[in-house]
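*Asks:* These protein sequence lines map, in sequence, to chains A and B. Residue numbering for the first sequence follows UniProt numbering, starting at 1 and increasing by one per position. Residue numbering for the second sequence follows UniProt numbering, starting at 1 and increasing by one per position.
Please keep in mind that the hints were generated in silico from the structure rather than gathered at the bench. Fair warning: there could be bad hints in the mix.
With a straight-line Cα cutoff of 25 Å, these simulated DSS-like cross-link-like pairs (lysine-lysine) come out [said to hold, decoys possible]:
1) K332(A) x K377(A)
2) K138(B) x K358(A)
3) K15(A) x K332(B)
4) K332(A) x K28(B)
5) K137(A) x K332(B)
6) K137(B) x K332(A)
7) K332(B) x K28(A)
Here are the in silico distance ranges between beta carbons for each label pair [what the hints assert, rightly or not]:
8) A302(B) x R247(A): 31 to 41 Å
9) Y364(B) x N32(A): 18 to 28 Å
10) K28(A) x I118(B): 54 to 64 Å
11) Q350(A) x K48(B): 28 to 38 Å
Computed from a predicted structure; not experimentally measured. Here a beta-carbon is modelled for each residue, glycine too, at the ideal position from N, C-alpha and C.
There are 2 protein chains.
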Amino acid sequence: MQNWLIKQATTKPDKLALIYQEQHFNFKELFNKVRQAASGLVALKIEKNDRIAVLPSNTVNSYFVILALQQIGALPVLLNYRLSWSEISQQVKLAKVKLLLIDDDLQLNWSATKLLKITTLKLNQLFKVAAPKVTLKKEFALNEVASIMYTSGTTGQPRGVVQTFGNHFYSAIGSAFNLGLDPAELWLCALPLFHISGLSIMMRSLIYGMGVLLLPHFSTVMVNKALQTRPVTLMSVVPQMLQQLLREFPATGYQARFRGFLLGGGPIDLATLNQCRQLKLPVVQSYGMTETCSQVVALSFADAPQHIGSVGQPLFPMQLRLSQPDAEIQLKGPNIVTTYLDDPGSFQRQMTADGWFKTGDIGYFDQAGYLYVKGRKNEMIISGGENIFPQEIEKVYQNYGSITEFAVIGVPDPQWGQVPCAFFTANKRLNSKLLKAYGYQQLAHYKVPHYFYQLDQMPKTASQKIIRPALFKAFEKLKSC
Amino acid sequence: MQNWLIKQATTKPDKLALIYQEQHFNFKELFNKVRQAASGLVALKIEKNDRIAVLPSNTVNSYFVILALQQIGALPVLLNYRLSWSEISQQVKLAKVKLLLIDDDLQLNWSATKLLKITTLKLNQLFKVAAPKVTLKKEFALNEVASIMYTSGTTGQPRGVVQTFGNHFYSAIGSAFNLGLDPAELWLCALPLFHISGLSIMMRSLIYGMGVLLLPHFSTVMVNKALQTRPVTLMSVVPQMLQQLLREFPATGYQARFRGFLLGGGPIDLATLNQCRQLKLPVVQSYGMTETCSQVVALSFADAPQHIGSVGQPLFPMQLRLSQPDAEIQLKGPNIVTTYLDDPGSFQRQMTADGWFKTGDIGYFDQAGYLYVKGRKNEMIISGGENIFPQEIEKVYQNYGSITEFAVIGVPDPQWGQVPCAFFTANKRLNSKLLKAYGYQQLAHYKVPHYFYQLDQMPKTASQKIIRPALFKAFEKLKSC
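With these hints in hand, go ahead and build the complete structure from the sequences.
*Replies:* Here it is, written out as structure tokens:
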């Protein structure tokens with residue numbers, strides 16, 4: 001298949017590709033910037049199949065360099081700058097990278113990078129390299145590697161997910177067939193480029209010839225302003241972002257071209273979805289993960305209002321089933337990656353004998369065949385023989401006044417085996433007894449948390465997911481006090 | 001890849017799939033009808049890889065049976081009912097079909113079908129076959145055959161173009177990425193189902209999960225009414241259709257959901273395009289053929305007004321080049337078929353050594369890289385050493401008052417080698433001298449036709465293309481008179 005960037009730069013040179021603050025790039029300009037970065041990389045002796053780590057921030061330079069690595073057949077290993085330095089260096093070592101590129105906007109302890117014993121470069125240095133213009137690769141083979149990113153690693157060893165051009169291609173197709181495609185689509189990206197939610201927007205841009213409005217980071221003010229003043233058509237959000245946007249939703253609403261939010265990254269409470277419905281803000285829930293190269297199951301704008309709480313139907317051309325007897329969500333199709341970096345064995349253990357990917361999530365179908373996600377198989381709490389998923393408890397408490405975030409884990413209990421234990425943040429000090437009483441009104445008795453711990457701040461990953469292992473540690477510490 | 005029909009019937013059962021007159025079918029109902037036809041076929045001992053000829057009309061039964069053949073892995077050979085019976089029987093024999101299915105709406109000389117010595121069945125008979133429900137194929141492999149259709153054969157031996165699911169898939173993707181995709185897309189099909197322009201709408205419906213409004217045939221009244229009263233978003237047209245629609249364009253215009261016309265099937269005059277612009281009717285010109293499985297080069301809604309007369313840019317993921325020195329349009333990509341039925345050798349002669357498909361059309365690029373089609377290489381007229389394409393003359397005369405159709409061929413001339421000769425239809429009797437004088441005002445002298453013949457009716461193919469060999473015959477006959 002012809003190199004997607006060349007395709008767009010040739011056939012749609014004047015079409016908008018990227019907006020960042022006051023800078024606009026059409027596909028021809030994007031091509032030139034990417035070629036400049038690619039030329040710098042080649043001058044630095046970077047070659048096809050070299051693994052190059054990138055610590056990107058949401059800036060144009062990071063945007064260009066990720067694409068540039070793909071253009072010369074090097075393998076971008078995208079690192080999460082919100083991880084600790086020891087986690088970052090672990091991934092750099094695991095990935096056996098030749099070079100580490102760091103966005104200029106990131107404040108790092110540069111002496112620490114020396115300990116890695118690999119060449120480290122700030123992006124502005126790369127763009128200053130004097131280099132003759134290189135010829136970019138003519139074709140993208142669908143089985144070639146486009147990106148590598150480590151799973152957030154909330155549990156266990158980080159694993160490098162190897163995403164091919166084919167994975168990105170089919171992901172983009174499924175998204176377009178589901179959400180439709182506005183000829184003037186402008187997708188707002190406030191999610192990090194090192195995460196599949198952000199990177200997939202970049203890839204869709206190349207595949208569709210679509211515009212991206214890149215924001216340096218998520219800020220309620222910045223996003224609400226962009227949705228009022230820029231011709232944004234779609235925006236990817238995680239639940240917390242949507243909740244924050246609604247809290248400061250402008251009285252005049254968003255501009256007319258806005259088609260809606262693509263919501264991923266975990267379960268959301270019904271109150272938020274109902275509020276969106278009242279405000280006539282279309283929200284499409286979706287389900288996916290790094291290994292599925294973005295959303296693979298989603299609602300559509302047409303059926304979203306009738307199936308609130310569901311994550312929808314498998315996107316084209318994905319297939320979906322629930323395993324027996326434990327109802328694990330399993331997926332099959334060309335969106336699914338085929339290996340972890342240097343560790344095909346671990347990946348094989350994620351696959352069934354007949355070739356389906358085991359997501360590790362438990363779900364169920366409603367009568368119309370729409371998927372609902374109950375929670376992670378390994379987060380399931382067994383209390384007195386009953387199965388409990390943290391999410392069913394969390395959803396109930398997210399609607400409790402003044403609670404901002406709420407997470408449940410299972411903790412050991414001599415009588416019941418395990419019992420639910422809740423951690424939360426709130427706008428004011430809350431009383432455990434009242435919280436327990438609320439639970440008894442809303443939930444089966446065995447689902448009501450035995451413990452309630454109020455935190456100043458939830459431990460969260462870069463993609464705003466709560467780090468459950470940190471909560472287990474916190475529980476042990478609190479109990480021993 | 002999962003069987004597209006099963007995919008849509010499973011994930012979008014209630015979504016509109018097909019409207020025909022007052023009948024509506026959602027994807028679940030379409031699936032049931034197609035399975036019924038497939039069950040009948042299996043009961044008749046039709047098996048995987050059997051070649052089955054279909055003489056379809058634009059009816060639901062033809063629609064169902066074409067899909068049913070795909071569903072059991074049989075190969076539909078789509079025949080053009082407007083051909084002569086001897087042409088049809090030639091194709092039936094060439095294709096070595098096991099069964100011939102004929103739409104009930106077609107008036108045929110049934111005694112002639114007996115001479116074919118193959119089983120012949122009317123579609124309503126097929127739907128009456130008592131048959132247990134069969135299981136349809138689970139997956140569509142992209143390299144499997146989806147449809148076979150003979151090229152219109154205006155010259156030489158008819159050749160069976162073998163289109164795979166992959167050809168249709170990439171064609172649908174290129175179309176969606178170019179035109180965009182309305183989540184409630186409803187594509188009006190007034191083009192014949194045996195032609196790639198009609199069949200490709202059916203295939204897009206399965207791939208996108210899109211609705212089709214099928215008309216029994218093209219009629220200005222019927223189409224103008226449908227565009228006023230039904231939520232049609234797109235319509236495929238050939239130039240003559242568009243011209244006719246404009247002549248009776250309703251004062252109140254079309255309903256608001258209508259996004260525009262996809263125009264294929266040959267060159268169009270600028271006056272028509274300008275009229276569309278004045279009426280604010282978006283028209284996207286496109287270029288393609290049976291071997292490219294529908295459009296492969298097209299304008300977009302955004303650039304169409306700036307590039308009137310061009311057929312645009314290669315669609316995703318196609319590549320386009322012009323050969324040296326004769327400027328033949330050559331194409332590369334997964335939309336292009338890979339063989340003619342039982343005749344890979346002939347197809348190989350259509351390919352260059354480095355794997356590009358030779359279209360036989362001559363073209364040029366403007367400065368912005370947009371493609372213009374000059375005409376067929378084998379229709380080029382060489383007059384006194386100058387190259388002339390019939391189309392450049394035809395376009396000029398199509399704007400001459402009261403001319404309805406105008407075609408030019410090259411005829412032998414003792415002095416110049418060849419000279420242009422014109423055939424035309426008009427609303428009234430026209431004077432050759434005046435026509436010649438008009439030509440001298442608009443064209444280089446050597447391009448002005450030496451002969452003008454007014455016809456009552458142009459000889460045309462089922463897809464409304466003028467049959468040039470018939471004009472050569474007519475010239476010989478007229479000259480000998």
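*Asks:* Now tell me, hint by hint, if it's right for this structure.
*Replies:* Hint check results:
{"no.": "1", "hint": "K332(A) x K377(A)", "verdict": "19 Å, holds"}
{"no.": "2", "hint": "K138(B) x K358(A)", "verdict": "21 Å, holds"}
{"no.": "3", "hint": "K15(A) x K332(B)", "verdict": "24 Å, holds"}
{"no.": "4", "hint": "K332(A) x K28(B)", "verdict": "22 Å, holds"}
{"no.": "5", "hint": "K137(A) x K332(B)", "verdict": "17 Å, holds"}
{"no.": "6", "hint": "K137(B) x K332(A)", "verdict": "17 Å, holds"}
{"no.": "7", "hint": "K332(B) x K28(A)", "verdict": "22 Å, holds"}
{"no.": "8", "hint": "A302(B) x R247(A): 31 to 41 Å", "verdict": "37 Å, holds"}
{"no.": "9", "hint": "Y364(B) x N32(A): 18 to 28 Å", "verdict": "26 Å, holds"}
{"no.": "10", "hint": "K28(A) x I118(B): 54 to 64 Å", "verdict": "57 Å, holds"}
{"no.": "11", "hint": "Q350(A) x K48(B): 28 to 38 Å", "verdict": "34 Å, holds"}
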